[in-house]
Amino acid sequence: MTWDTSLLWQFDILILLMMVICAVTALALEGLLSSAIVTGAYSFLICLMWTHMRAVDVAFTEAAVGAAISTVLFLGTAQYVNRWIKKDRPREQGIKQITLVIAVICAVMMLNATRDLPEWADPASPASTHLSPRYIEQAYFETATPNVVTAVLADYRSYDTMFEAVVVFAAALVVMVVLRRTSHKHRMALHLRPKRAGRDTVLRGAAQSIIPVMQIFALYVLFHGHYSPGGGFQGGVIFGASFILLALCYNLKFSMNRFREHAVLWCCAGGVLLYAGIGAACLAMGWNFLGYGALAGVLGVSDVMARSHGILAVEIGVGITVMAVMVSLYNDLASGGDLEEGL
Amino acid sequence: MMDQTPAIMILVPVFASLALTLIGPLGHRAAYGLLIISIAGSLAAALATMVQVVQTGQAVHYRMGDWIPPMGIELVIDHLSAGVLVLISACALLTAIYSMHTARQDNPDRLNHYYALFALLVAGLLGMTATGDVFNLYVLLEISALSSYGLLARGKGKAYYATFRYLMMGTIGASFYLLGVGYIYIMTGSLNMADLAEILSRPELEASVSVRIGFSLIILGVWIKMALFPLHAWLPNAYSRAGTTTACLIAPLMTKVSVYVMLRIMFTVFSADYIFQQIAWSRLVIYLASAAAVLGMITALSQRDLRKMLTYIIVAEIGYLTGGAWLANTAGYTGAVYHILADGLMTLCLFMAVGAIIYRTGESTAAAMQGLFQRMPVTAGVLLVAAASVVGVPPTCGFFSKWYLLQGAVKAGEWVFVAALIIAGLLAAILFFRLLERAFFGRLEDAVTENGSEKSQEVPRKIRLEEAPLTMLLPLVITGAALFGLGIYTNEVVQYLIRWSMPAGI
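Going line by line, the protein sequences match chains L and D.
Residue numbering for the first sequence follows this note's numbering, starting at 1 and increasing by one per position.
Residue numbering for the second sequence follows this note's numbering, starting at 1001 and increasing by one per position.
Note that these hints are calculated values from the structure, not bench results.
Some hints here could point you the wrong way.
[Stated by the list, open to error] Among chain L residues calculated to face chain D with C-beta under 7 Å, some are:
no., residue
1, D116
2, E119
3, A127
4, V272
[To be verified] Covered, in the sense of this in silico footprint (three residues per stretch, anywhere, with C-beta under 8 Å from a C-beta of chain L), are these stretches of chain D:
no., segment
5, 1048-1062
6, 1200-1213
7, 1298-1304
Backbone N, C-alpha and C define an ideal beta-carbon position, used for all residues, glycine too.
Bound-form chain D, shown alone (with noise of 0.2 Å):
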């Protein structure tokens, strides 16, 4: 059963899907239960690939339908995609633990279809991030998307405008994605990834201007899909109105998944040599990085809406990732793959805390902080986790990542990229500093009596611990931990994982 895992990860929401599609009788709790037990299941999967993975010390082939590569499909498994996949099953457990009472308030009705989106959208991502060839990623990649398009457009107010919006940018950046798969496949005659990469490296495709040419288009088609800097706009407005089950699923992942694809293409399907030494593009997208961390803060910073803080903190993230990515060293490299992980879980905890407050104040706004910490002690706490993390404050894992990063960024001699990476942690300190002290000293009443209105006449909302429901609070408090737990195992993940899916070349 072992040698199954692969495919089980990934099979197993499949069937839930296909199941909570036809439980509608049988209530919302089967439905929940369901859910969870198969996300369960997959988590499990992917655990015991990733311990086989590092036990043996090489990347974990699975051959769909008992084919030979690259006769058939491949499920490729190796260090990389290995701690990818246990953070996307692992998000999205919590996430499902977390559904409970969110969802059913979101989703009046048809609750249980709702699921089966959620469970596809996992199976998606679980599958775009364990596959070995570039078709059957593309295929996947529609899974996700149109799964996501499903469970945003069933948020509040204009979701569904913005959500159409969002269809827009993502079909065209799946259509370039597949466009320049295209134009690989018609220079190769092959779609396997390994196969890809070893008749890519032939000179004379190297200097192809039709091989150039796909690559440019499926990391243009990616970076719409993982919202870069000039390419973001679709996002603040489809992920702030999303419900929150909604936003707490795919803000962490559908991104962060994005750029583990960008990772795959530039380096197990082209090779570091190619991406910096044949195309000379590096210094323009780290630019384009920079502008996108400062920018993306900047923005956070004006806003008044939480989640839409949030969105815009992810576009900022984004920028560290690819730029990450792009310095060309090994320190680039490995922070950009931790921070996959960090940021992962950072935003999942930012977006299940705001979630929380939106689920107890009923408002979304910056206000809905006020005295969050004597009404809601537990929640406040692991806000400031997350915001710490986002600074960069030491024992969390947002702070090596950004140690790395930043190390990445000196040694390469990209001084923009370093700016921008400290300018962006001040303006995170600045945000999150603004929203704590709100929580922490400013009391409503307080506020009013101290301008002398008449207004005030009203009785004073008095202030009550109303903490989150128990199934909200515990994945609260497991992404909050697993935030120190990260930070505290940095060595070992580096070690364990990153450095094993180092690519040769840089």
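Chain L extracted, bound-state conformation (with noise of 0.2 Å):
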């Protein structure tokens, strides 16, 4: 059997038809908490259709961030959010018009494309017979990580993740320099958040038992890495989560009395400087930045297992900042940036 024949194109269809069906009824839906809920469920299906092309790393990453976190944050921030139908004039109609023929033009465009595409995971095409041959012969070789994702991730373009982590940093600072302004104008909005003051036995006593195995499991898709889909971002994620429910199941202050302030935004910015500051410490030891074969010498192991080493130490950097920075959007966007109460 053919790696060709083993996909079942028809399962392929059914996802594909289901995420279009989603994305519309996201888009048609009124209300924004269901329009919320409908694109945790496109987040799904997109997840399956990764695992499906064998990208389970990017699918991990994807039910991660997309089907939970992204959803939550949905969620925390429609509840400020006043909406009313407007009634479009004529000329938003026209431009609405247009902007639709636009997309069909371009999607025509795309489709035309498609035609000297090479084939769904054809073993001939560039990308399967430029790079990838040599990533995948030499990385176990040269950086001892067998998960050639993770090495090429943390490794061979270790300089992109550096910044991809610097993406995540950035989001929670804009965040936070927009909303925890001290002059508040919708105070207003604050009003119609509900109160939670008493919250379900059954709630916390879930949380009890879940969260502790959630922050192991996380630190095992850390730690794991090395060997298995996961790293980093995906531990990250999960270890965050794992606040968010707690914040979710017993309230703001609880989680935020467990995890302060203060720590989260140290941990933002320290996960980044980790990550950058081992690159500097190889730089500063004459290699060039990131090259993390300069700590063979301080870590008193071969080149080859210093890369090793130091695809871990940078995957932990950004595990803090993701970990860190989901806590804090969760805190800032759930409660409105003023951080009195949640979801």
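Assemble the dimeric complex from its two separately framed chains, guided by the hints.
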């Protein structure tokens, strides 16, 4: 059985169809909350799609970030948004129609391009013949990391990954800068926030038993990134989700007592600082930035093993930043910036 | 240490931004000092790299993580990017010095976080310019975009709403770019620019529809980012409602760096041959550019708000730059690249001068210009220089870029673009003449008494000398001098930087 026939194309078509339905529904729904839920369903479907493409690492991230955390963030934000239906004026109608025409033209152009794209999972396609073989053949010998994805992500292209961690950090910073302003205009909106005095005992009990497991699993995902799908991003998101769950099942005050605002900020910057600091240490020791081989002397191992250790260290940095940023985003968005009370 | 300058240049602001996030308790002076030191470090590294590039006459390559490209990511600093890098870090440093009063005025709280985003934006722009990898460019594009959303949202009035529109447009632009890179990757399997250039020059890929779609998507994305004429609607509101420091930082740099990215994609990843022979767009693009130049200036003429006026001038200048790049001859290319540098400085100078006027008068309409030469002689003088440069008066750099662009347009026989350049120049002259006339002759009390109105009972506003503070004046004067300096050393800039970066085949 070749690679090609093992793929169930009917299954793909089904997922694709459901994704289209979800996307259209999310746009058509009038309630923001239901829209957010449908978007979560969309993320879950695309996660199945990634799994089917054997891109398990991506699927993992999508499940954690797209299906779980962003849905919660949408829900947290939606409670502050007043919503009314605006009647379109003729001019706006016209603009919408033009937009539709442009979108259709773009779609036709892109579909037109599929003619000469390589077949799905074609082993002779440029993407599988140009660089990938070199990565697959050499990654283990050059970085002592069996998971090629981790080796590419955190070593060959670690400069990209560092800046992706910086993007995550910047997201938290931007939300903080925008929402936590002293002059709050939307105090009015905060009255709409329902009081969450008494929480359900069942919820608390469930949270108590599930959160420790989640956190241990998050650490496992992070540290096992060398050998299996996972790594800093996924581990960090799961760890962050455990704090969000705590805030959801108890309340924001409770979770912020466990993980204080100041500590969150330090972790946001600290993770990136660890990553960039390791890079700078390599630079200081005469190698180029992020050339983990420079650490061989300090660690007392070979260059190749030093690369493996370097990967682990930067993954921990990514994990810390992602975890703290997820918590920070939830705290800000769900409380409207005043950190008083969340969802 | 010299061979590490490309990395140091980008990393110093990153570290500064991380530190700035955490030093809130140390107060605003510490934040201001740290920002200036870090960006000065970047500027020093950028200058060192440029000297190295000019002396050796070849591009500096820096392998991130000691991996050989195309396996790893490399930074490539050639004659084109070296100039842009110095421009970015110099503009950012001048803005940082300038920000002492205005940033505190606009950000009564969380000044250190504001500065952290400032440093991140600079790092993002430098990284975009220095990189030799199309995906890495996307990541840094995201960093600069994200930090600019945060900075712009801290503006006044409806800044949130304008920034939200910018966020939507910017995200669409970035998605187009990423989608285009995806198509190119499927067809080539590589992300390194030099490697891509080699693969894409194969005949079977030159004819491929997918590659063409990929190119179109990338260019469309970049056009949205640089606000080329029909895609510019997000820019004026987003920039004119921003705080003064934010506007001074973002207005000159974001769009210019996007133009740089367009040049990179056109001539480094693809080739002049592919752009002008295989894709026959240049006529259409030059019409768009001409429309941008003329309509931008006409709209600028009809604005009452000073900063909005300036934002429409940016839209017009983008027209000049795009037209020059698509003229497909050496003079046009020289004009476009030279104009990136010239327009960066011009826009910075205009925004700083207007920022100083707004800081002192508290008004941002054209009425704030009344009696400017008496009240703020230095600011008014620098504004005059910047205006002369936008119009294209000889000793300033604006003249030389226009000269090259006109030469290129005539040589290519693009008479529409020639006409657009001349008309836009004349419109700019009318616009600045009106403003400066008011600044020189117009006095508020004169205008009122002439009308014989009884409402002038209130004591006429006494005209005092109230020049902007020194931290604002110093960068303003340096920028004004730089406009002359760049103009006088045009020959050297063209000879040592631009001529070397001339792509093959034009």
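**OP:** Find the hints from earlier in the document that the structure breaks and name them by number, from lowest to highest.
**Re:** Hint check: 2, 5 and 7 fail, others pass.
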